[in-house]
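J.: Listed in order, the protein sequences are those of chains A and B.
Residue 0 is where the first sequence starts when you use numbering that gives the first Met the number 0, and the numbers rise one by one after that.
Residue 0 is where the second sequence starts when you use numbering that gives the first Met the number 0, and the numbers rise one by one after that.
A portion of the hints provided could be inaccurate.
What the hints assert, rightly or not - One-sided excerpt, in silico: chain B residues whose CB lies under 7 angstroms from chain A:
#1 C29
#2 G30
#3 I39
#4 A45
#5 Q53
#6 G57
#7 A73
#8 N91
#9 A147
#10 W167
#11 Q245
#12 P249
Unchecked claim - A short list of chain B residues far from chain A (calculated; beta carbon distances all over 12 angstroms):
#13 A42
#14 T52
#15 R122
#16 T194
#17 G223
Hints were generated in silico from the structure; no laboratory data involved.
Positions of the beta carbon are idealized from the N, C-alpha and C atoms, including for glycine.
So the chains spell out like this:
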Amino acid sequence: MYAQMVKSTGKGVQALEDMSPQDRAFQERIDRGEKIEPKDWMPDAYRKNLIRQIGQHAHSEIVGQLPEGNWITRAPTLERKANLLAKVQDEAGHGLYLYCAAETLGVSRDELFEMLHCGKMKYSSIFNYPTLTWADMGAVGWLVDGAAIMNQVPLQRTSYGPYARAMVRICKEESFHQRQGYHIMIKMAKEGTADQKRMAQDAFNRFWYPALMMFGPSDKDSVHSAQSMAWKIKMNTNDELRQKFVDETVPQAKFLSLTVPDERLMFNEETGHYDYSEPDWNEFMDVISGNGPCNTDRLEARKKAWREGSWVREGMMAHADKKAQCKIAAE
Amino acid sequence: MSEQTNHLFEFLLRQGDNALVLGHRTSQWCGVGPALEEDIALANTALDLIGQTQLWLGYAAEVEGNNRSANDLAFLRDAYDFRNILMMEVPNEDFGRTLMRQFMFDTYQVPWLTELQNSSNERVAAIAAKSVKEARYHLERSRETVIALGDGTEESNSRMQNALDYLWPYCGEIFGADEVDHAMSEQGVAPVPSTLKGTWRACVERALSEAFLVIPNSEFAHSGGRTGFRHTEHLGHMLATMQTLQRSYPGAEW
Ligand SMILES: [Fe+2]
Ligand SMILES: [Fe+2]
Ligand SMILES: [Fe+2]
Numbered sequence: 000m001y002a003q004m005v006k007s008t009g010k011g012v013q014a015l016e017d018m019s020p021q022d023r024a025f026q027e028r029i030d031r032g033e034k035i036e037p038k039d040w041m042p043d044a045y046r047k048n049l050i051r052q053i054g055q056h057a058h059s060e061i062v063g064q065l066p067e068g069n070w071i072t073r074a075p076t077l078e079r080k081a082n083l084l085a086k087v088q089d090e091a092g093h094g095l096y097l098y099c100a101a102e103t104l105g106v107s108r109d110e111l112f113e114m115l116h117c118g119k120m121k122y123s124s125i126f127n128y129p130t131l132t133w134a135d136m137g138a139v140g141w142l143v144d145g146a147a148i149m150n151q152v153p154l155q156r157t158s159y160g161p162y163a164r165a166m167v168r169i170c171k172e173e174s175f176h177q178r179q180g181y182h183i184m185i186k187m188a189k190e191g192t193a194d195q196k197r198m199a200q201d202a203f204n205r206f207w208y209p210a211l212m213m214f215g216p217s218d219k220d221s222v223h224s225a226q227s228m229a230w231k232i233k234m235n236t237n238d239e240l241r242q243k244f245v246d247e248t249v250p251q252a253k254f255l256s257l258t259v260p261d262e263r264l265m266f267n268e269e270t271g272h273y274d275y276s277e278p279d280w281n282e283f284m285d286v287i288s289g290n291g292p293c294n295t296d297r298l299e300a301r302k303k304a305w306r307e308g309s310w311v312r313e314g315m316m317a318h319a320d321k322k323a324q325c326k327i328a329a330e
Numbered sequence: 000m001s002e003q004t005n006h007l008f009e010f011l012l013r014q015g016d017n018a019l020v021l022g023h024r025t026s027q028w029c030g031v032g033p034a035l036e037e038d039i040a041l042a043n044t045a046l047d048l049i050g051q052t053q054l055w056l057g058y059a060a061e062v063e064g065n066n067r068s069a070n071d072l073a074f075l076r077d078a079y080d081f082r083n084i085l086m087m088e089v090p091n092e093d094f095g096r097t098l099m100r101q102f103m104f105d106t107y108q109v110p111w112l113t114e115l116q117n118s119s120n121e122r123v124a125a126i127a128a129k130s131v132k133e134a135r136y137h138l139e140r141s142r143e144t145v146i147a148l149g150d151g152t153e154e155s156n157s158r159m160q161n162a163l164d165y166l167w168p169y170c171g172e173i174f175g176a177d178e179v180d181h182a183m184s185e186q187g188v189a190p191v192p193s194t195l196k197g198t199w200r201a202c203v204e205r206a207l208s209e210a211f212l213v214i215p216n217s218e219f220a221h222s223g224g225r226t227g228f229r230h231t232e233h234l235g236h237m238l239a240t241m242q243t244l245q246r247s248y249p250g251a252e253w
């Protein structure tokens, strides 16, 4: 998802009786549904895991500004321009809340940026795909924000207090984003001209499988899940969430008269779910390891913004320091 | 269109196009600002300006009475029909120029919109009353930022000085006094912009001296934007981008 394949530092899940008394007390708090707060004791591995997960989520929000930012200057009406700009601004806000949540675990925003820039930390694979037409603004809002919601709604109950609270604020905005994206799709796919319908189907074709990949590898190949689930920093398995997403999205696509690019897609009366084709996991591994269509450009865009902003940040800090010194001198 | 209507239409385009073009320029920062807080603040400014555009151009379209909408005016006019001052359309270059421009504009907009609240035209007064609150907030922020970066480091000071040197010859165009301006003043719609120059200059000087920045010793002023006679080369590129979908798919709804 926004945090895919977060490497777990634990050595697999220990049984309660094998834990040290401190670890055991901690696990029992989580099992009782208590929230862990920044000043509470926590195992090192829990802290490290959370930093990776929240950091990766935060990076996804700000790298995620880029594919949609790509269309702000080309939005077709003043209303769409304002809506898209407000949406991408929300994503910056999400990044900010999440970096703040990560800071409560003892890592600074600058350190996290540094790790993003040098490639030590990742962001969601989805943002390494290009946005090629205006219909992509519809597809991204509908599918990408939609998939994000699937993952983040349960995270509102995650064990770490600041993370859970950030999720509550973020989820409200994400559902608004999804509706906005879906509305773009309605305008184009249902009510639009032949050109617009073609754009909508094309966008759907390109984003369907990448959206499915957002939930991470299949459970049978997902090595990092068990410990995270025990700690309640991951609430559902990848496949559970993916299935839920497919089940909700397919009827929406039908309503839009869009064809899901999967010939094997079929409703299974027995299970009550849609059967669907797995995405190409080799492509996923390529994207994750740096070979997606936009990895290099996305990262470079972030690094360039950071580099070119350094004089501003330094100037502001220097001014703040001088002002503080004047105040001391005056006292 | 009667001459009187035409003057009002031109006046409204000048307000709307300033907001539209500056809003568009500012929106280009989204996702690549120097810090997350600045990114968010710039997007706020751009959003306010796009909102103001909708009000000004929406009213302009009504006054024109040609069955056009605010969107038609924004997306289907060519460069020579735009009435923004040239300063709005020059490229962002860096954060320094972007904020210096915002400051120069805000320092004018606050007293200007304050005056427009007393317009004899109720619609103008209402749009001004809404916009002036936003303009005050923009000014507070752009002023603080210009002072901070002028004072900050050697590099930030020299970048802000460069921005000032570049933008200074574009400031004079704000203070026009042409036929449209006089017509608006006679009808009590708006003061002649040139009458605000003293107030503007005093505010600018105060802030720039706090920022250790030196106003260029020249009164030369470029012009041609607010009349549409001669825009810069930059506007055509901006419109090519901004108008692409409306131009490529005539009549489509989005
Ligand atoms: Fe978000
Ligand atoms: Fe998110
Ligand atoms: Fe979102």
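J.: Against each hint, give a clear statement of whether it holds in the structure.
T.: The hints, checked one at a time:
Taking 7 angstroms as the C-beta contact cut-off toward chain A, the hint placing B:C29 at the interface holds, the least distance being around 5 angstroms. Interface hint status for B:G30: upheld, as the beta-carbon distance to the closest one in chain A is roughly 4 angstroms, under 7 angstroms. With a cut of 7 angstroms, the hint placing B:I39 at the interface with chain A holds, because the nearest CB-to-CB distance is about 5 angstroms. For B:A45, the interface hint holds, since its Cβ comes within 7 angstroms of a Cβ in chain A; the closest pair sits about 6 angstroms apart.
For the restraint placing B:Q53 at the interface with chain A, the shortest Cβ-Cβ distance is roughly 5 angstroms, inside the 7 angstroms limit, so the hint holds. Because the beta carbon of B:G57 sits about 9 angstroms from the nearest beta carbon in chain A, more than 7 angstroms, this interface hint is broken. Interface hint at B:A73: satisfied, since its Cβ lies 6 angstroms from the closest Cβ of chain A, which is below the 7 angstroms cut-off. Checking B:N91 against chain A: minimum C-beta separation of about 11 angstroms lies over 7 angstroms; hint violated.
Hint on B:A147 holds. Least Cβ distance to chain A is approximately 4 angstroms, under the 7 angstroms limit. With its C-beta approaching chain A no nearer than about 21 angstroms, B:W167 sits outside the 7 angstroms limit, and its interface hint is violated. Checking B:Q245 against chain A: minimum C-beta separation of about 6 angstroms stays under 7 angstroms; hint holds. Given the 7 angstroms rule on beta carbons, the hint for B:P249 is violated: about 10 angstroms separates it from the nearest Cβ of chain A.
For B:A42, the shortest C-beta to C-beta distance to chain A comes to about 4 angstroms, within the 12 angstroms cut-off, and the non-interface label is violated. Its beta-carbon lying about 6 angstroms from the closest one in chain A, B:T52 breaks the requirement of being farther than 12 angstroms from that chain. Every beta carbon of chain A lies more than 12 angstroms from that of B:R122, the smallest distance being close to 18 angstroms; the non-interface claim holds. Remark: the non-interface label on B:T194 is consistent with the geometry, its nearest Cβ contact in chain A lying 31 angstroms away (cut-off 12 angstroms).
Once the 12 angstroms rule is applied to beta carbons, B:G223 is consistent with being away from chain A; the minimum gap is 24 angstroms.
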